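Undergrad: Keeping their order, the protein sequence lines are chains B and V.
The first sequence: position 108 = 820 (my numbering), numbered continuously.
The second sequence: position 239 = 240 (my numbering), numbered continuously.
Rather than coming from a laboratory, the hints here were simulated on the basis of the structure.
Every value quoted in this text rests on a predicted model; they were computed, and no experiment measured them.
Misleading hints may appear alongside valid ones.
Derived contacts from chain V toward chain B, CB cut-off under 7 Å, selection only [what the hints assert, rightly or not]:
| hint | residue |
| --- | --- |
| 1 | Arg15 |
| 2 | Ala22 |
| 3 | Val38 |
| 4 | Ala39 |
By construction, the Cβ of each residue, glycine as well, lies at the ideal position given by its N, Cα and C atoms.
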Amino acid sequence: MTVSASAVCAERPYRVGGRILDRGSAASRDAMSADDSVDLAELYRTHHLQMVRLARLLVDDLASAEDVVQEAFLGMHRNRAALRDSGAAVGYLRRAVVNQSRSMLRRRRTVRAHLKVAEPEIAPPADHEVLLDEEHQEVLRAVDQLPPRQREVLVLRYWSDMSEAEIAAALGISKGTVKSQASRAMSALARIMAEGGATDESTPR
Amino acid sequence: MSQHPDDDLERRLRAAFAAKAEQVGPHDLDTDREDAVAELLSRPSTPSRVRRVITGAGILAAAAAAVGVVALAIQPSQQHTTNALHPATTSSTSAVLSIAPPQPTTSAGPAKETPHVGQATPGRQVSTRSQPLTTTTTPTTTSTTTTQPRVATTHSAPASSVTQTSPRTTLSTGHEYAGPVPLGDARTLAMPQDLTWEVTTRTEHSMTVRITYLPQDIEAYWATTLPGDGWQKSDAGGWLVPGSAYAVSPITDKGSLTVTW
Numbered sequence: 713m714t715v716s717a718s719a720v721c722a723e724r725p726y727r728v729g730g731r732i733l734d735r736g737s738a739a740s741r742d743a744m745s746a747d748d749s750v751d752l753a754e755l756y757r758t759h760h761l762q763m764v765r766l767a768r769l770l771v772d773d774l775a776s777a778e779d780v781v782q783e784a785f786l787g788m789h790r791n792r793a794a795l796r797d798s799g800a801a802v803g804y805l806r807r808a809v810v811n812q813s814r815s816m817l818r819r820r821r822t823v824r825a826h827l828k829v830a831e832p833e834i835a836p837p838a839d840h841e842v843l844l845d846e847e848h849q850e851v852l853r854a855v856d857q858l859p860p861r862q863r864e865v866l867v868l869r870y871w872s873d874m875s876e877a878e879i880a881a882a883l884g885i886s887k888g889t890v891k892s893q894a895s896r897a898m899s900a901l902a903r904i905m906a907e908g909g910a911t912d913e914s915t916p917r
Numbered sequence: 002m003s004q005h006p007d008d009d010l011e012r013r014l015r016a017a018f019a020a021k022a023e024q025v026g027p028h029d030l031d032t033d034r035e036d037a038v039a040e041l042l043s044r045p046s047t048p049s050r051v052r053r054v055i056t057g058a059g060i061l062a063a064a065a066a067a068v069g070v071v072a073l074a075i076q077p078s079q080q081h082t083t084n085a086l087h088p089a090t091t092s093s094t095s096a097v098l099s100i101a102p103p104q105p106t107t108s109a110g111p112a113k114e115t116p117h118v119g120q121a122t123p124g125r126q127v128s129t130r131s132q133p134l135t136t137t138t139t140p141t142t143t144s145t146t147t148t149q150p151r152v153a154t155t156h157s158a159p160a161s162s163v164t165q166t167s168p169r170t171t172l173s174t175g176h177e178y179a180g181p182v183p184l185g186d187a188r189t190l191a192m193p194q195d196l197t198w199e200v201t202t203r204t205e206h207s208m209t210v211r212i213t214y215l216p217q218d219i220e221a222y223w224a225t226t227l228p229g230d231g232w233q234k235s236d237a238g239g240w241l242v243p244g245s246a247y248a249v250s251p252i253t254d255k256g257s258l259t260v261t262w
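Looking at chain V on its own, in the form it has when it is part of the complex (with noise of 0.2 Å):
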């Protein structure tokens, strides 16, 4: 700017440009305009079509996503509820089974344990689930009963004799189970609470089972229990009923057995 702000041709610049601004007052504006202007500027400001279109897209694609996470956790648990109620659509037999109180037997599972009704077997799968039990207490139930709506149930009562419908097809390789071996549709190989098996290979009248978990003396826990259920001791050191085919082979060093019916 200038080194001389004295200068006369500033000061005459800034008489002449505030004389000239002065010239307009308050008076001499749009009373109109302004109070139209002013109207509009306290409104709160539209969006752009742009912008508007940029954002409705956005909430459908958003909307889109939401409804694909949801179909993803569906899908899941209706897989399984299908696998589970498999074997009940395909057989009608039914069987009164007795078997053990069903006992927690992981950290998981409070007082009520909770395996699927879909694979209500006496040996009950060792789950961390949270659903409640299924188990229904009237004789010969068919398989609709597993179109039931899940009922929580307290396995308090020691010993006690539940009939359940048993697809035996339920039991498969690759899960942990606990209670009762089923033998068949009619008998089951009572096992000591809290022991834990699995399924290594089953033929239509026999299955091997191996313990993965034992937490006591299962010798004397049958020695104790199987007599009472009509079971003796074989020569082979086994278990087995006389006059039938039901039979319990003596359990190998890996902890395997073999039952067959």
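Only chain B is shown next, with the shape it has when bound in the complex (with noise of 0.2 Å):
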């Protein structure tokens, strides 16, 4: 851990649970006492749908996203000693969830290289963009097709709100290559909204 969430949470408010939260209100006071243990069952209170939103962006479909935060939590509850700051648990946790987010496509895609005919395709339901509007669909299409680690930067900086800084920690970069593969991906997301290439056939994860 990097930088530390106490600063994290002094720079702007974070969505918990489809709402705005102040960094110092109650909710993340009481899971990130500075001077307690992290309290691991009030940190999964407080940001467990938060986290699996973060999730599905990176993962796509609703189980996975689950899975991901779950092992997210139960790996931060393994190494709970290790928490020595109860401020940065929020970051931690985030970078993990980006992590297993990272490996559960890892392994997607090699499940689907090498078991293609035994393992069942794993795939967002089939109308859940269609309760998206025209436009939002078009856009997550063209994120579909960027490389991992830019849409990773993507989520972080436009849906999480997190700054150059942030995101170089939860990715484990330098900021540089934040801001280099940020730059990249609205690049190649201009480019492909611009000639039309985000049809229905995103690329498979």
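Since each chain comes alone in its own frame, lean on the hints to assemble the complex.
TA: Below you can see the structure in the form of structure tokens.
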């Protein structure tokens, strides 16, 4: 953990359970008391939904997203003794979710490459895009065609409202890499959408 | 990041992400799984198998170290006891001795002086040990009395006559003693209070003693004490018991004297 979540929390509000909470709100304070050990149960209660949403933006289907978040929390539980800074717990959790999502996508690609016959296709429900506006569907299909790292940067930047430093900490990369990945992602998005290439056949994950 | 925060693409990205995220509500989550995970997270984490093994090994090592320390701590005192009792187990003779009242001669010795039972000689060994002294008052006690439990004894009566087992072999060179100097098994040479002495040489019927601390005029003390015990001043300047081999040589310039019996 290279960036303290307390520093992260001071910068901007973040979403919890579909609403915006100040960084100093009671819910976040309860789960991230500075002097006590990390209350994972409270952290789970206050951040579970938010993390599932983040994971779903990265892995696309809800069941996989729930798996990812569950594994992230259980990983924190296993390494509870190593969690010295309770204020950094949210940042640690977000990083764990991103890493787990990446691992999930990697496993999924591997399975599809080697066990294509036996493995059932893991895909979002057929109607899930239908529920979105056409404009949103177009953007999301374009995002799906980006490399995983660029997708992660865009999700953390434009949905989690994280700064470049926070994204760098969450992904374990430098700020310069974040900046370059974001720049390339935006250029690619603009090009794909201009070309009308955001078709229904999105890049398989 | 983009240099134009209000760029249309960024706005569309934010809106698309938000719309997709909002598709997942609290009621869309697997509540059974949620409850199970929440319950699991509320429990204290159990240490991993490796950590348990390491902890167990650490506990065993600590226990072994503790046992070793205890063994090392016990061993010296056992050795001391063995040495002290050794004369008692090899000698079945006993003697009745009259000893002067022992007085504390070191800063560590309060009113209760504490020589070791196994070194129950008329002259008590000066020691800073705090173990109580065993003095038995039974005449003709045997060496088995050395196995009695240690009992604290207060030496307060002046010139008390105490019957005590006397394994004379307990006197050894290199140790300081206080009190009467034993002459064989049956007679002692009275010494002034607080005087300390050590054995420099010893034979079967003689012993050379060097005075290490002399708090008063020993000649004057002997002049008043020894005649009462049957001693007489010898022509050579020492003391002797007429009609016997008991004799005390004059004190040399170095504070040594030889007693014979």
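Undergrad: Per the CB criterion, is V/Arg15 less than 7 Å away from chain B?
TA: 5 Å, holds
Undergrad: Tell me if V/Val38 is really an interface residue toward chain B, meaning its C-beta lies closer than 7 Å to one of theirs.
TA: 5 Å, holds
Undergrad: Can you verify the interface hint for V/Ala22: is its Cβ closer than 7 Å to any Cβ in chain B?
TA: 4 Å, holds
Undergrad: Please verify that hint: V/Ala39, Cβ, nearest Cβ of chain B, below 7 Å or not.
TA: This hint holds: V/Ala39 lies near chain B, its Cβ roughly 5 Å from the closest one there, short of 7 Å.
Of the numbered hints given earlier, the model fails none.
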